[in-house]
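Novice: When you get a sec, could you build the whole thing from the sequences and use the hints?
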Amino acid sequence: MADIIKLTVVLTIVSLTAALAIAFTNSKTKDRILEQNQIAEKSALEQIMPQNSEITEMHCSTAGCPSQYWIAKNENQTAYAFKISSRGYAGDIHYLVSVTEDGKIMGMSILEQSETPGLGARVSESISKKYIWNGLFGKKEEGLRWFTKQFEGIDINKAIAIDKTTGEWHKLDNNKRSELLSQNSVTAITGSTISTRAITNGLEKQARAYLNALQGS
Amino acid sequence: MLKEELKRGIITENPLLILVLGLCPSLATSTSVQNGFGMGMAVTFVLACSNVIISIVRKGIPGKVRIPCFIVVIATFVTMVQLLMKSYLPALDKQLGIFVPLIVVNCIILGRAEAYASKNNPLKSLIDGIVMGLGFTASLCILSIIREILGSNKLLGLNFFPGYDPMTVFILAPGGFFTIAAVMALVRYLGNRRKDTKA
Amino acid sequence: MNNIANIISISIGAVFINNFILSKFLGLCPFFGVSKKLSSATGMGMAVVFVMAIASSFTWVINRFILIPYDVAYLQTIIFILVIAALVQLVEMALQKYSPSLYEALGIYLPLITTNCAVLGVALINTGVNTFTGEPYTFFESLLNGVMSGVGFMLALLLMAGLREKLEFSNIPKGLEGLPIAFITAGLMALSFLGFAGLNFFSPVGG
Chain A
1 MADIIKLTVV LTIVSLTAAL AIAFTNSKTK DRILEQNQIA EKSALEQIMP QNSEITEMHC
61 STAGCPSQYW IAKNENQTAY AFKISSRGYA GDIHYLVSVT EDGKIMGMSI LEQSETPGLG
121 ARVSESISKK YIWNGLFGKK EEGLRWFTKQ FEGIDINKAI AIDKTTGEWH KLDNNKRSEL
181 LSQNSVTAIT GSTISTRAIT NGLEKQARAY LNALQGS
Chain B
1 MLKEELKRGI ITENPLLILV LGLCPSLATS TSVQNGFGMG MAVTFVLACS NVIISIVRKG
61 IPGKVRIPCF IVVIATFVTM VQLLMKSYLP ALDKQLGIFV PLIVVNCIIL GRAEAYASKN
121 NPLKSLIDGI VMGLGFTASL CILSIIREIL GSNKLLGLNF FPGYDPMTVF ILAPGGFFTI
181 AAVMALVRYL GNRRKDTKA
Chain C
1 MNNIANIISI SIGAVFINNF ILSKFLGLCP FFGVSKKLSS ATGMGMAVVF VMAIASSFTW
61 VINRFILIPY DVAYLQTIIF ILVIAALVQL VEMALQKYSP SLYEALGIYL PLITTNCAVL
121 GVALINTGVN TFTGEPYTFF ESLLNGVMSG VGFMLALLLM AGLREKLEFS NIPKGLEGLP
181 IAFITAGLMA LSFLGFAGLN FFSPVGG
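First to last, the protein sequences are chains A, B and C. Just so you know, the first sequence maps onto residues 1 to 217 in my numbering. Just so you know, the second sequence maps onto residues 1 to 199 in my numbering. Just so you know, the third sequence maps onto residues 1 to 207 in my numbering.
Wrong hints could be hidden among the right ones.
Cross-link-like lysine to any residue pairs, in silico, SDA-like; alpha carbons within 25 Å at most [said to hold, decoys possible]:
(1) C:K166 with C:G33
(2) C:K37 with C:E92
(3) A:K28 with B:K94
(4) B:K86 with A:L45
These are computed hints drawn from the structure, not numbers from a lab.
Specialist: Here's what the structure looks like:
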């Protein structure tokens, strides 16, 4: 009997101490964790909205309208930014897209995805020109996120074509790139048409609907 | 004495390559050196802390409930690491995903608690925890370097071979198995050779 | 119709496409420890399916009705592992009483189910979102996921045991004997299971 009491007491003490330690750590880190998501979103927004413009977050509750979106106005133009979630291959892909009033994409930024590494995950890959020998000690350079960059100028009010034969965008010269743009076409990631199509579908369906709802048509 | 301990943890009793403990997170997180190193450091932290605490309370815990107690101690530190990572290194946390909470069932930590920390004083347990953790990190880095270069033609995010189209299979599941098979075979071969030349 | 599609999607997903051992790297320690003989592999596999099923149910309930409402989701790790440890202890005692031969055959690997990443892994996955429906896993989906992931684990274990039994009679270079050749075998199996990637019977809801 004394045995069992001793066991129970020891376990209780250990568990209580553990719980206190965890609760303490949690209280210290809770706020910062909540912040992290907002930091990522905010910096992505600033990258895709026009420079030197004031970005305001808006909410809308009428049918078809995005529940959360952003407007950026400066002297020249008004831009909208939407947060879209499309079903990719292995889960949802969450991304931000900014469009001008007539539906041309200004920028896109992938927030979260859990696609297969080396295949679908390449939607957020960043191509760097630097190699290990000149990159380690030189200046830190932002790589080219080609997949999202190729969407700049694409019109969401028209059908977006996926080009699987020309090759990946980052390998094409400027002439080819302009040609693709004039056909409202983007290049797919080799071997991951599903992930590519998930994004174009999201733009054609959700982004277009949001823009139309906001413009009242 | 420290040098011998380091040699023990990293080479002669390397937890992953010699003792074959901690397989699950190793193969899953060795897809890039940043991930592998991050995981290794997280495990080292938990291993060192739990070894110390378990060693301090080793006399007070009755034999029958020692495993649940060890688990509670280890889980506490793992949760702390989780929270700290989410707040200060969110990108790494996303990359490591489910394997951060899975550190709690990493055989290395429970194994060392049972085999060492419950039988030695806190200082020795701390050192054991650190060197074993470093050994784990080192072996993770070896696997990661191989897989990152062969599988994505990058090292630390920077390109490696010019004009080489990477073999994606190496950063996927089969590649993990093949890589550890090769590294383990090499380690054994070297170990056998040393034994032969000594004898 | 959606329900059936959901069930099939979870089952096929857990057994083949996202096989715990061959795609997700969960449950490796016992995989290489117990897979030498087909008979012990079967017993281990079934014990794991059982533990995973019960663990999935218990942890889902605790998560949904205690952890989330009280906003202590960060206690998931510690609570789940304690529940699993208790469950394995129960299974051990039950086996000792009702099937001593299986208990002997499994030996030390039975208590090791506690530290099996697969069990804690499936419990944690069930707290997330079902990629087919886009909603968090319901109780029945978690249970199904737990059972099917266990079945996938057992499938890989049985395949491996069958192969290793045959390997006993082959001439293997000295350095590769034992674990390295087992890893290579697993790698080849993983390679073949990679063929299931991209398998999508039904397009997901709202896709």
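Novice: Now tell me if each hint is right for this structure.
Specialist: Quick rundown of the hints versus the structure:
In summary, the hint linking K166 (chain C) to G33 (chain C) is supported, as the alpha carbons are separated by about 16 Å, within the 25 Å threshold. A C-alpha spacing of about 21 Å is found between K37 (chain C) and E92 (chain C), which places the hinted pair at or below 25 Å, so the restraint holds. With a C-alpha separation of about 20 Å, the suggested pairing of K28 (chain A) with K94 (chain B) holds against the 25 Å cut-off. Taking the CA atoms of K86 (chain B) and L45 (chain A), the gap is near 22 Å; set against the 25 Å cutoff, the hint holds.
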